[in-house]
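Given chain A, work out where chain B should sit, using these hints.
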Amino acid sequence: MLNTLLVPVLVIGLAGFLCGLLLAIAARFLHVFEDPRIEKVTSLLPGANCGGCGYAGCADYARAIVEKGAPPNLCRPCSAAGARDIAALLGVEAKAAEKMVALVLCNGGDVRSRRSFLYNGLAECVSADMLSGGGKTCRYGCLGYGNCARVCPVGAIQTGAHNLAVVDPGRCISCGLCVKACPRNLIRLVPASHSVHILCRNRDRGVMTRKACDVGCIACQKCVKAATGQGLHMEGNLAVVDYTLPLSPELVGVCPQKTIHQRPAGPLP
Amino acid sequence: MAKYLLLVLGAVLVNNFVLSRFLGICPFLGVSKQLSTALGMSGAVIFVMTLGSGVTWGIQHAILDPLGVGYLQTLVFILIIAAFVQFVELVLKKSAPTLHKALGIFLPLITTNCAVLGVAVLNIQLKLNLLESMLFGFGGAAGFGLALVIFAGIREKLDRANPPRPFQGTALALVTAGLLSLAFMGFANLVKS
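Keeping their order, the protein sequence lines are chains A and B.
Under numbering that gives the first Met the number 0, the first sequence is numbered contiguously, ending at residue 268.
Under numbering that gives the first Met the number 0, the second sequence is numbered contiguously, ending at residue 192.
Hints in this document: simulated from the structure, not taken from any laboratory.
Honestly, I wouldn't trust all of these hints.
Unchecked claim - 20 Å max Cα-Cα, derived EDC-like pairs, lysine to aspartate or glutamate:
1) A:67 with A:84
2) B:93 with A:33
3) B:93 with A:84
Claimed, not checked - To be clear about the criterion: a stretch of chain A counts as covered by chain B if any three or more of its residues have a C-beta under 8 Å from a C-beta of chain B, and this derived list gives those stretches:
4) 31 to 45
5) 110 to 123
Ideal placement from N, C-alpha and C gives every residue a C-beta, glycine not left out.
Extracted from the complex, chain A is given alone in its bound form (with noise of 0.2 Å):
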């Protein structure tokens, strides 16, 4: 009776130990130095894992400044007094990086551009882009089935009425998860001082564009040599803003498209 009893519970005992044992061992002799200060650095980054800096989450992030000598200010959603908590730490100088924003260069929603046929397939960018791009007849322009609007952590994208993707400045945190999101390569971020863009991604002809879409670009250069010596160059038939250079914002009216807009000015329609 005694033996029923006792001889499983010795068993059951005796394994447990010798593998609490075996264990113990293993993690002394097998221990991996961490330093500390990544787990430091982990917890002052915002959790938030939307890999805008480039790294496969916060974690990875703190591993790679702690480790390789990252640099304490790639993180977008971080405040500047983040990066100077982070680089304090540290021991190393902090840049401000920039304030970026994610902006869709289109303004062709369906009150302004036109439709060739009636996509009746998933609701969804990727699938629409490959069905002889949707119906849209800009072959560049915003589907508006929202898989941008989707992917953004904090909802800053909306496709409203009229099937046009807008980026809610304010609210974005120039992740970037939306530029990877688009199929169209539409969303691209842009310093959130700049004001004055070119909403048109189109390179077809002149005439192409203008019956495909009322914004479009139709290359008449008008802008280009408005603004000399300033952010503004064609490519090929797109007139493209050099973000690195200052614009004048009396471009907007130069423009007989009114592709150029000035933001923030108003809501958009």
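Coordinates of chain B only, in the frame set by chain A:
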């Protein structure tokens, strides 16, 4: 040779651990939302089940049977597998950081997974020898991985399809799992056991 091949093939297709033995359903539903995590999980399961089969076979034949306490199998196996996985994790962290990075977060998750315990118990029940046990463990885990990857692929597509609200998430996942299980029944007579 043909015997071993049939053993592995049988574990992968005919008696698939997830789809016909219904073992390891929790990770099957839990980590099948993304193909990349499903692949990581499959790798970790293959790793643990193959080695775990060997270790538990040794424990059973070297310790439990001579002591006449074979009935403590389940308890001892859980203990051994859990400790063993922790140990492997420590070793990997020290000697193979890249492998640890790929499998790392999945290893602790599957310490007490029913598929891992199931294969250990089945090895003893089917009276397999050490090599057969490890092959069976590998086959079972590969079958688990196959089911998981197929399932994750289907779920990724289904999520895009915008299903009706009552079906979203777990409901549709369970329906899909059922259909997948039915599909695998087609393999039933592939290997005569």
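Against the structure, the hints come out as follows:
{"no.": "1", "hint": "A:67 with A:84", "in the structure": "holds (18 Å)"}
{"no.": "2", "hint": "B:93 with A:33", "in the structure": "holds (12 Å)"}
{"no.": "3", "hint": "B:93 with A:84", "in the structure": "violated (32 Å)"}
{"no.": "4", "hint": "31 to 45", "in the structure": "violated (count 1)"}
{"no.": "5", "hint": "110 to 123", "in the structure": "holds (count 3)"}
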